[in-house]
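Q: Please model the complete structure; the sequences and the hints are all you need to start from.
Those protein sequences? They're chains G and L, same order as listed. Per my numbering, residue 1 is the first one in the first sequence, and the count goes up by one each step. Per my numbering, residue 1001 is the first one in the second sequence, and the count goes up by one each step.
If you're looking for bench data, these hints aren't it; they were derived computationally from the structure. Among these hints, one or two may not hold up.
As the list claims (entries may be wrong) - Incomplete in silico selection of chain G near chain L, CB under 8 Å:
no.: 1; residue: Glu103
no.: 2; residue: Arg111
no.: 3; residue: Val133
no.: 4; residue: Ile250
Unchecked claim - Covered stretches of chain L, going by a simulated chain G footprint (3 or more residues, C-beta under 8 Å):
no.: 5; region: 1019-1032
no.: 6; region: 1124-1135
Being a predicted model, the structure only gives us computed values, none of them experimental. C-beta: ideal position from N, C-alpha, C; glycine also.
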Amino acid sequence: MNGKYETHEHDVLVIGAGGAGLRAAIEALAQGASVGVVCKSLLGKAHTVMAEGGIAAAMANVDEADDWRAHFRDTIRGGKFLNNWRMAQIHAQESSERVRELEQWGALFDRTKDGRILQRAFGGHTFKRLCHVGDRTGLEMIRTLQDRGVQMGFDVYMECAITRLLKDGDRLAGAFGYWRENGRFVVFKAKSVVLATGGIGKAWPITSNSWEYTGDGMALAYDAGAELMDMEFVQFHPTGMVWPPGVQGILVTEAVRGEGGILRNKTGERFMERYDPKRMELSTRDVVARAIYTEVREGRGTEHGGAYLDISQKPAEYVKRKLPSMYHQFLELADVDITKGPMEVGPTCHYMMGGVKVEADTAASTVPGLFAAGEVAAGLHGANRLGGNSLSDLLVFGRRAGLVAAQHAKATVAPSLDPGQIDSAERAMLAPFERKEGESPYALHSDLQENMQKLVGIFRTEEDLRQALTKIEELKERSQRMSVSGSRMFNPGWHLGRDLESMLTVVEAVTRSALARQESRGAHSRIDYPDLDLSWGKQNNVIARKNERMELRQVPIPDMPEDLQVLLTEEKGSAA
Amino acid sequence: MSDATLKIFRGTREIGATVDYRVPIAPGMVVLDALHYVQSHLAPDLAVRWNCKAGKCGSCSAEVNGRPRLTCKTRMDTFPQDKPITILPMKSFPVIKDLVTDVSWNYKVNKKIPPFQPRAGVEWRMYQEDIDRVQEFRKCIECFLCQNVCHVLRDHDKQEQFGGPRFFVRVAGLEMHPLDGLQRTGLLKTELGIGLCNITKCCTEVCPEDIHITDNAIIPLKERVVDDFYDPLLGLVRKIRNAKEPAK
Chain G
1 MNGKYETHEH DVLVIGAGGA GLRAAIEALA QGASVGVVCK SLLGKAHTVM AEGGIAAAMA
61 NVDEADDWRA HFRDTIRGGK FLNNWRMAQI HAQESSERVR ELEQWGALFD RTKDGRILQR
121 AFGGHTFKRL CHVGDRTGLE MIRTLQDRGV QMGFDVYMEC AITRLLKDGD RLAGAFGYWR
181 ENGRFVVFKA KSVVLATGGI GKAWPITSNS WEYTGDGMAL AYDAGAELMD MEFVQFHPTG
241 MVWPPGVQGI LVTEAVRGEG GILRNKTGER FMERYDPKRM ELSTRDVVAR AIYTEVREGR
301 GTEHGGAYLD ISQKPAEYVK RKLPSMYHQF LELADVDITK GPMEVGPTCH YMMGGVKVEA
361 DTAASTVPGL FAAGEVAAGL HGANRLGGNS LSDLLVFGRR AGLVAAQHAK ATVAPSLDPG
421 QIDSAERAML APFERKEGES PYALHSDLQE NMQKLVGIFR TEEDLRQALT KIEELKERSQ
481 RMSVSGSRMF NPGWHLGRDL ESMLTVVEAV TRSALARQES RGAHSRIDYP DLDLSWGKQN
541 NVIARKNERM ELRQVPIPDM PEDLQVLLTE EKGSAA
Chain L
1001 MSDATLKIFR GTREIGATVD YRVPIAPGMV VLDALHYVQS HLAPDLAVRW NCKAGKCGSC
1061 SAEVNGRPRL TCKTRMDTFP QDKPITILPM KSFPVIKDLV TDVSWNYKVN KKIPPFQPRA
1121 GVEWRMYQED IDRVQEFRKC IECFLCQNVC HVLRDHDKQE QFGGPRFFVR VAGLEMHPLD
1181 GLQRTGLLKT ELGIGLCNIT KCCTEVCPED IHITDNAIIP LKERVVDDFY DPLLGLVRKI
1241 RNAKEPAK
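A: Okay, structure coming up:
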């Protein structure tokens, strides 16, 4: 290197400091690796902090009949059989141990009467399975992991954004990025890189996701030659706030329904009876989101276009104790006292089931040295994620990614960095400053969001999806003319401009995959193909970059071994 | 729909002044929405730190009309519309740009605190009534508003000798954890300088999570420091009862 750039070197570089990134970093440290963690925000502010309802783990503290087999079965059923079965198996088997570990590191979950971790009911879970802390489970988790990692001694690069992965031939060599504070560039050299960057919610205007959720990891991996999978499966959480406009999309935790909340339409009808009479409000998220959307579309929505969600039949003290954030959120932001009356809720873009295609046991992508864990990775959740399975995903596969990344680093020699790649990454970042009077990144973002909401939402058609692709091409062209004003010091317009590039790559992958899948399954609902198609249930859509273009192919799902197949048919336990 | 005028600090720690922006008001709008409007329509490089916009991450702290607040939870309709609303960065931290301040000092203080250490051979059973008070402390979202208003930091600049309310809350959460086996009163007395706090309760007043910082965290910790260092007999009793070892 010519010393032109600030450079840091680590065995393992973790990009993202939410649950998966922190858990990966902790495990890599435990293996003796030198670990750097890069995050776009301050440490402890990552999206995991917003997780509310709980961590799914078959600890059987409340329902004795629960075990990993039942958790596996629920996960595969919830994912409409599209899941990577090996991931679902590992996840169900290891999540209890990961939760106990958190407790041993200082996390304080709500308790059962006999002093164990309390578990609550949640959509799609046969048993009471979600370990929780009121409705702020994610905060408890991130603070516990953060304190653990700081104590073990990882280097944290806060408010630093990665814009390109660097390669040495076929293998990963590091990453290039900028400091948000002063706009200076920075290079990381690493033998292993773990992506833990989360999802893509900011491509939709109504979302529960924070500004960071711009699909960076998926786009970085795609650019570096890795494969993306299941990109058509975007989860719309059934219950976001709908009123007032400023709070639209803010999450209303599924724990409201887990604690007994009832959904009604404007006529007072408990409409879930028509959509899923058995599970009612605790049906899976795809079903409840479609139900609310349909009620509104058919004219039975509330004043502000949602459904009523009512928990006020429970004692006020109970509601305040189990759902304190929801109580304050509605009181302060919407003037609604949820202990006295119903909330108005509607679907909000929440989670990406698809992402970087990884090996189940190792979290390795198709690029040597590149790993991915958490929301950025695909496979575990199939066509629809169950609530509570995300936090456990972060812990289980974060740990595995960190472990294997450290082992990989030990077994390989240091890569070398290519100054040509770095210079080109720098030129790309500086280009918008050199253009004058071009497109505004804010206007482009807002147009992109409008496009996705209108054309690639809960219900999809071929015509809409084709139109969306045309729009995305236009937006890409316009983004080539984007300009930013001001200096490189903490300049959100400039930052958004770069995030937009990631979003454009990812939404193209989403739209192409959605167009290809001519059936309805889980979170992917096609009006023109309303039924499940068994042949589509045997394959995943996989996307890779070929000759600067996005290439989509179908890859068969490996056959499930018999000992797991048996679990899917077996009915066990009282509540099954 | 009517308009409001925001007077927003623009500049760096060396030079800066407030600049006026006109923003249309929508129902239920919060100050952070107004700042986003300014970014997308009037000043694309306005620096604002935020993440969740739901009061859960504690990133968007600022001083709104002189009062430290989370801008995502501060509704525009709580202010008279005919008067400008002034938005300044937190005063106790050095400004980086506009409303973004350098809060890295907090992360340095945090590193000094020995983490949770379970007592040897502990059985992992805890009862809700024993953890209720610790769960209150663990609600903290690290918005640093309490650090910002604490006069020991804000007016007397005792950053070197004093940890601040946020970290007393963190230590309280560890010290009162039913299974923790470490004693941190030495740290509280010397490095975190808890004696400098004269319980004016400014921290409690601004806490967006309603943590009773002074009453439930600081005062009990002060009492423990007194017991351990100024009343050896009581200190001994506490030591035997809790079986805590002093942190190294």
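Q: Give a verdict on every hint.
A: Status of each hint after checking the structure:
1. Glu103: 6 Å, holds
2. Arg111: Status holds, d = 4 Å.
3. Val133: Holds: closest Cβ of chain L sits about 7 Å from G:Val133, inside 8 Å.
4. Ile250: 5 Å, holds
5. 1019-1032: holds (count 5)
6. 1124-1135: Contact hint for the region 1124-1135 of chain L vs chain G: holds, 8 residues under 8 Å.
Figure legend: structure checked against the earlier numbered hints; every hint is met.
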